[in-house]
Structures are given as structure tokens and as C-alpha cells.
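Peer 1: If you want the building blocks of each chain, they are given just below.
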Amino acid sequence: MSLIGHNAPPIFKRGPAPTVRLMLYVSAALALLVTDLKFRYLEVMRQAVAVVLYPVERAAATPADVVLNAATYFATLAKVQKENGLLRRQQLRMAEQLMRHDQLAQENSRLRTLLGMRTDLPARSVAADVLYAAHDPFTRKVILDRGSTHGIVLGDAVVDARGVIGQITRIHPIQAEVTLLTDKEQAIPIAVQRNGLRGVVFGAGAGQLELRYLPATADVQPGDTLVTSGLDGLYLPGLPVARVIRVDRDTQAFARIFCLPIGGVEQSTQVLVMGRLELPPPPMSEASAEVSGGAR
Amino acid sequence: MQPTNRSRRILQPVKQWYLYLSLLVAFAMTLIPTGHLPGVPDWLALVLAFWCVREPLRIGLGTGFVFGLLVDVGHGAALGQHALAYVLLAYGANALSRRVLWFSPIEQALHILPLLLLIHVVMVAIRMLAGADFPGWWYFTGSFTAALLWVPLHFVLLLPQFRPTERDDNRPI
Chain X
0 MSLIGHNAPP IFKRGPAPTV RLMLYVSAAL ALLVTDLKFR YLEVMRQAVA VVLYPVERAA
60 ATPADVVLNA ATYFATLAKV QKENGLLRRQ QLRMAEQLMR HDQLAQENSR LRTLLGMRTD
120 LPARSVAADV LYAAHDPFTR KVILDRGSTH GIVLGDAVVD ARGVIGQITR IHPIQAEVTL
180 LTDKEQAIPI AVQRNGLRGV VFGAGAGQLE LRYLPATADV QPGDTLVTSG LDGLYLPGLP
240 VARVIRVDRD TQAFARIFCL PIGGVEQSTQ VLVMGRLELP PPPMSEASAE VSGGAR
Chain A
0 MQPTNRSRRI LQPVKQWYLY LSLLVAFAMT LIPTGHLPGV PDWLALVLAF WCVREPLRIG
60 LGTGFVFGLL VDVGHGAALG QHALAYVLLA YGANALSRRV LWFSPIEQAL HILPLLLLIH
120 VVMVAIRMLA GADFPGWWYF TGSFTAALLW VPLHFVLLLP QFRPTERDDN RPI
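From first to last, the protein sequence lines are chains X and A.
Going by numbering that gives the first Met the number 0, the first sequence opens with residue 0, and the numbers climb by one from there.
Going by numbering that gives the first Met the number 0, the second sequence opens with residue 0, and the numbers climb by one from there.
Bound conformation, chain A alone (with noise of 0.2 Å):
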């Protein structure tokens, strides 16, 4: 697979553990005590939909329904909540990856920030059809921030597929 589809490097193919990794690690993320900061990423949502683009036939809407629901223990929100949302960025995702990987990542962050939006005015419409207040347009202001990273998390999430094939002591890579 290449970076792009209209690049000409070849990469590594991704290791299993390793998407598990990303994504316990964008999990731990999402669970640091932010509070109501405005502007903080969904991490697991980015990670998620990152690799519902890149890898559609083993990350999708299982995975994404799992993580929902550890989400949702973990910031202690209704049992489901990110659940369904994940379920439905994961199939957004999963039904662009043919499309989106011939843009460049710029262009991706564009097709991804519709996606990332669409999932939070799905929760926010559960919690308010349950009887919640409104949380505010601050809580809308973390999906551009997510957006935003996509680009270097492109380059870091890629980082291990770029290694070359054939071992050499001599490069730094």
C-alpha cells in the first residue's frame, strides 16, 4: 500500500499489534482529566477513523463498537452513547477509504471533519432527547482541532510502515 494511491513508494504492510497499540494508546489519551477544556480531540475517534480509512477490511464497526463502550465507562456518559457514534464514523470511514486515499492528507482532513462533526451531533442529540442540557458550541470546537492533526498523525501513524525491507546498520531509519 502506498501513502497516498497517487504516491509511488510502496509501503511495509501495518503489524496487527500495532493498530491495537494506537488505538489503546488514543484510548489512555481520551481518558486524560481535561475537564470542559474547549478544543480537546476525541483522540480514539481520530485513531479510528485513520484506520477504518487505511485498513477497512480489519479495523471497522466491531472495533469501533468496543471502544465506544469503553469509552463511555471511562468518561462515564451513557452506556452506548460513543458507542453508536463510533459505530457510525467507523462505517463513514470504512465507505470513504476507497475514495479519500487519493487525496493528498489535507484533502483527507476535509472528508474526515464532516464525519467527526456528524458524530458529535449524534450525541449530543441522544443526551438531549434523554432530558440533557445543551453543552455548548465549545464541545462542536474539537473535531476541527481532530482535523487538524490528521495531517502529522498521517506521518506518525505511518512511521513503521516506512521502514525499508532489507536492514541496513548504516541509516538512521
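Pulled out of the complex, with its shape left as it was, chain X reads as follows (with noise of 0.2 Å):
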């Protein structure tokens, strides 16, 4: 090994000179680079370090920890009582609107049979804490106490008291990564709640979110709520996502319309992580009974 800009004599030389080594290690890692965020072929090899370094993790996030928890001992009895006045009045509308919910659930099934549609798949969901925003500056991430075995499929839905929030998008087996929907690269399907037109949000920085692919004459307007819209098979439909607050109709063939989430999407702490049951597989019809019949 010989420094750089000091050629060694050849009887103290020691493998390739630090030029070739540096190109060597350069082109290593561009191929990881090309390979990882073109194609992302390496999720097991990140699987098999995260369990690594999880308790590395651990400790690391012991003085954040700290911190927080020293906050909220800290918090004034004032606004406690605050806050539990708030939860009260929110439990007392929340409770009315179950009461309903039950009857409506009931009538809805009922009214399913009748027209010979299949009930609707009961979804699974789990609780969990948001321990700590991603480091990695460029995207829009938190990371979940739960993971693959607590039951979180990738591709679950996040939801926190008001609405999504965004989706699980890496599990390992105690932590689970969701990225956010304002995250650039994060695409929710979506219908409009007031006239049930469909379409796709996409994160759009500076925590708003932007409806693409809509022509300028789309009956959107300010004030619209926009829900999941269940098509994905991900996410189960009707969960509130955004509001429109801007539909700009000049400029191209397609209206540029952006929303901000309804729920906290960089704020909430305590989130649910829902998902869809394991459809069950498709009744084989009369005809392709025959067919397979047939061909046998």
C-alpha cells in the first residue's frame, strides 16, 4: 500500500495503487446505487444488516428517548386538564356517531345480501408508535414500533385520528418504515368524495400534495375531500386523504390541483396501520367449471 503522490519503491509495494483501489471502490458503489434505486434488487442484504444493527439502534435512540420523556414529565398539569377536557367532548361526538355506525353497518349488509354483492372484507389493523423520523434527508419518512411480526403487511395503509397518513413501504421483523404521502415519490389512488371522480395523488414537497392526470375541465373544486378510493387493493376505500385548497385550469391539458392532507402527516405520534384480510380465492363460475372439465 503506498501513499497517495509518494510512489513506493517495488520491494515495499503492497497491492494496487490508491488510484485504482479508489476507482475500484467508486464504480462498487455506483453499481450498488444503479442497482438499489433503479432496480431494487438488494432488500434482502438491507434485511440481513437492519437485524444487525437494530440493537446498535436501540441504543442509539436511547438519548432522544430521554429527551422526549423528560418533556412530557415536564408538562404543565394546565395542559393536561386541557387536553383532557378535549378528548372528553371528542369521545362524547365520537360515541354518538358509533351508536349510529353499528345500525348503518347492519342496514348496509342487509341491504348488500338483497342485491346479491359480496359483504365487505373486515380489515385488520394495529396500533402503533411513531418512534422517530428517518435520517435520510431526501425523503419523507418515519419509522413504527411494530413490524412484520405484529401482523403489518407492506403495503398497509397508515392512518392516524383524522386520516392517511401514508403507507408501509420496508418491514423488518420489530420495525416497520412508512413513507409519508407528502414524500416525492409516494401515490395514493383516490376518488372524489362530493361526485366519486377518480384519479391518483402524488406528494408534492413542502407538505402538500398534488391530483395529476386530470383534464382541465375535471369537476374538481376548492373545498373537495378526496378518499381513498379501495381500486389499489391496498387500502381499504373511504379513508379521508386530502382537501383541495388550489385548481389552477390555465396553464396545460391538465389541471394542475393541489391539496393538503387531512391527516397530521408529519405530526401525529400514535398511528393505526391498516390493511386489507386475505381476499379469498374467486368461486369458480359454472362456465369455466366446463371448460376445465371439458379439457380434462
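If you are wondering where the hints come from, they were derived from the structure by calculation, not from laboratory data.
A couple of the hints might just be wrong.
EDC-like cross-link-like pairs, simulated, lysine to aspartate or glutamate; straight-line CA separation at most 20 Å [unchecked claim]:
1. X:Lys183 <-> X:Glu265
2. X:Lys183 <-> X:Asp218
3. X:Lys37 <-> A:Asp132
4. X:Lys140 <-> X:Glu209
5. X:Lys183 <-> X:Asp135
6. X:Lys183 <-> A:Asp132
7. X:Lys140 <-> X:Asp128
8. X:Lys140 <-> A:Asp132
9. X:Lys140 <-> X:Glu176
Join these two chains into a complex; the hints should help.
Peer 2: In C-alpha cells:
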């Protein structure tokens, strides 16, 4: 091994020159980058290293936990009382809604049977705490304290008390990574609640979302509520996502529609991870049964 | 080896395990969840640069690459992003080692600052090429904090080498 800029005599030479080694390592790093960013082949390797790193991460999170706990410990009594009052009022409101919900759910299932439609599948949900925001400053992600051992599945929706805040994009045995709606790479299929118009919402940076690929004539107005459409097979339909704040129809063939998320996307600390239960295999129709019978 | 090349004090040789222990501690410190707080230094880059300057024959590109991959997984960044940055940092710091050690710690910090800024520019360039947003100028403030920390770090990391050769029970260190 020779020092950069100082050529060692051949008898002391060990290994290739520094520039050669630099080129080797740089090309290895670039190859990894391309494989990871373009093809996402390296998740297995990432999982393996993440399991080894988990104790170190927990140890590193301790100082932050101590600071947070101290902050809540010294929260004033007045603040807690105020919060208590707020929660009581909220609970009363919710209780009224819940009483009606049971009745409506029964009525809905009765009507669905009458119409011969498949009954709604029950959802499964896991409550989780947000541990911390991910380090990577280029993305909007948070880490949850629940993982695959608690029944979280890749692609689950993450909601808080008000609406959807993101989606599970990476799971470890006891942790999961949520990509928030405001991330540039995150997309969520929605429907406009007022008229059922479907579309896809993308993160637009600065805490905003953008509803893209709708023609300039589309019937969307500021103030409209966007809910999940459920067409993707991942999200449950009807979860509130965002509210339209500005519609710009002058620019191009497509309208530029900006929205604000309804859920506390970058503030929530307690969230619910919701997913669909596995779909049962579709019953074999008579026609296809005959075809398979004929082939035999 | 001396604290700086102008010093007349001869230090003890550094122990192999101490090199890697300090790197591991720095790595654990980079994993402290600080969110997007501005001005948090990249501890591992700093300690890696320090040992690349002090011990260019032991700590170099390979160490930078391996620790870079660990940081990538720990931070959930693109795999290879920190690896590439730390390899470049190690190369630069190794190349500077013959020159930098003639200066006082404060002047050394001025030599290291451009290197630290460079690796952040490289990481921003890579992620923006891959389609990410510009994270904001606060992202670069960590390099300046790190450069300021070079001076205390210079003494803390060299402490074990300041031990005298012969043991004396009446001496505090």
C-alpha cells in the first residue's frame, strides 16, 4: 500500500495503487446505487444488515427517548387538563357516531345481501407508535415500533385519527418504515367524495399534495374532500386523504390541483396500520368449471 | 508519531482496537434520531477523516466503503450513497495526510472542511439525479459544525496515545 502522491519502491509495494483502488470502490458504490435505486434488488441484503444493526439503533435512540420523556414529564398540569377536556368532548361526539355506525353497518350488509353483492371484508389493524423520523433528508419517512411479527404487511395504509398519513414501504421484524404522503415518490389512488371522480394523488413537497393527470375540465373544486378509492386492492375504500385547496386550469391540458393532507402527516405520534384481510379465492363459475371439465 | 509534525512530543502508537472502537462509537452516534435538525455533524465522516489523516496506512478506502454501507442501511438511504461519499472522503484525507499534519488543529480543520462539504455535495447530486428533492441549505450546515469539532476531537481521540511509556502510580494519567 503506497501513499497517494508518493511512489514506494517496488519491494515495499503492497496491493494496487490508491487511484486504482479508488476507481474500484467508486465503481462498486455506483453499481450498488444503480441496483438499489433502479431495480430495488438489494432489499434482502438490507434486511440482513438491518437485523444486525437493530441493537445499535435502539441504543442510539435512548438519548432521544430520554429528552422526549423529560419533556412530557414536565408538561404543566393546566395543559393536561385542557387536553383532557378536549378528549372528553371528542369522545362524546364519537360515541354518538359509533351508536349510529352499528346500525348503519347492519343495514348495509342487509342491503348488500339483497342486491347479491359480496359483503365487505373486515379490516385488520395494528396500533403503533412513531419512533422517529428517518434520517435520510431526501425523503419523508418515519419509523414505527411495530413490524412483521405484529402482523404488519408491506403496502398497508397508515392512518391517524383524522385520515391517511402514509404507507408501509419497508418492514423489519420489529420495526416498519412508513413513507408519508408528502414524499415525492409516494402516490395514492383516490376518489373525489362529492362525485366519485377517480385519480391519483402524489406528494408535491412543502407539505402539499398534487392530484395529477386530470383534464382541465375535470369537476374538482377547492374544498373537495379526497378519499381512498380502494381500487388498488391495498387501501380500504373511504379513508379521508386530502382536501383540495387550489385548482389551476389555465396552464396545460391537465389541471394542476393542489391539496393539503387531512391527517397530521408530519405530526402524528400514534397511528393505526390498516390492511385488508386476504381475499378468498374467487369461486369457480359454472362456465369455467365446464371448460376445465371438458379439457379433462 | 507527534500530535502535529511541529510538536516535539512523541506519542505512543495507536492501538488497532481503539481505531475501530472509535469508528463504531461514531457510527452509533450517527444513528441517534435527530430528525431533520440542522447543524448535526456527520460524526462518522469526521472520525473517519481524522483516522485517514493520522493513520493512512491502516484506515482508508476499504474502511470508508464498509462503514458507508452500514450508514446507508441505518439511515434508510440509497444503498451505496454514503459508501461512495466516504470512499471519496477517505481518498481525499489520505492524500492530505502528509501535508495536514504540519499545521495546528485549527488550520487542519480548514483543510478538512472542503472535503466534508464535497461529500455532502456528492450525496445531494446522486439523490437529485435519482429524482429526489433538494433537501435545503441546512443540509450543509452539519459540515461546518463538524469542522469546528475537529479541534476538540483532535485531543479526545489522541488521549490514549498521550500516556507515558513507563507506568507511575503517582501520576493522574
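Peer 1: Give a verdict on every hint.
Peer 2: Outcome of the hint check:
1. X:Lys183 <-> X:Glu265: holds (14 Å)
2. X:Lys183 <-> X:Asp218: violated (25 Å)
3. X:Lys37 <-> A:Asp132: With a Cα-Cα distance of about 17 Å, the restraint between lysine 37 of chain X and aspartate 132 of chain A holds, given a limit of 20 Å.
4. X:Lys140 <-> X:Glu209: holds (18 Å)
5. X:Lys183 <-> X:Asp135: holds (13 Å)
6. X:Lys183 <-> A:Asp132: holds (7 Å)
7. X:Lys140 <-> X:Asp128: holds (14 Å)
8. X:Lys140 <-> A:Asp132: holds (14 Å)
9. X:Lys140 <-> X:Glu176: holds (7 Å)
The structure does not agree with numbered hint 2 stated previously, though it agrees with all others.
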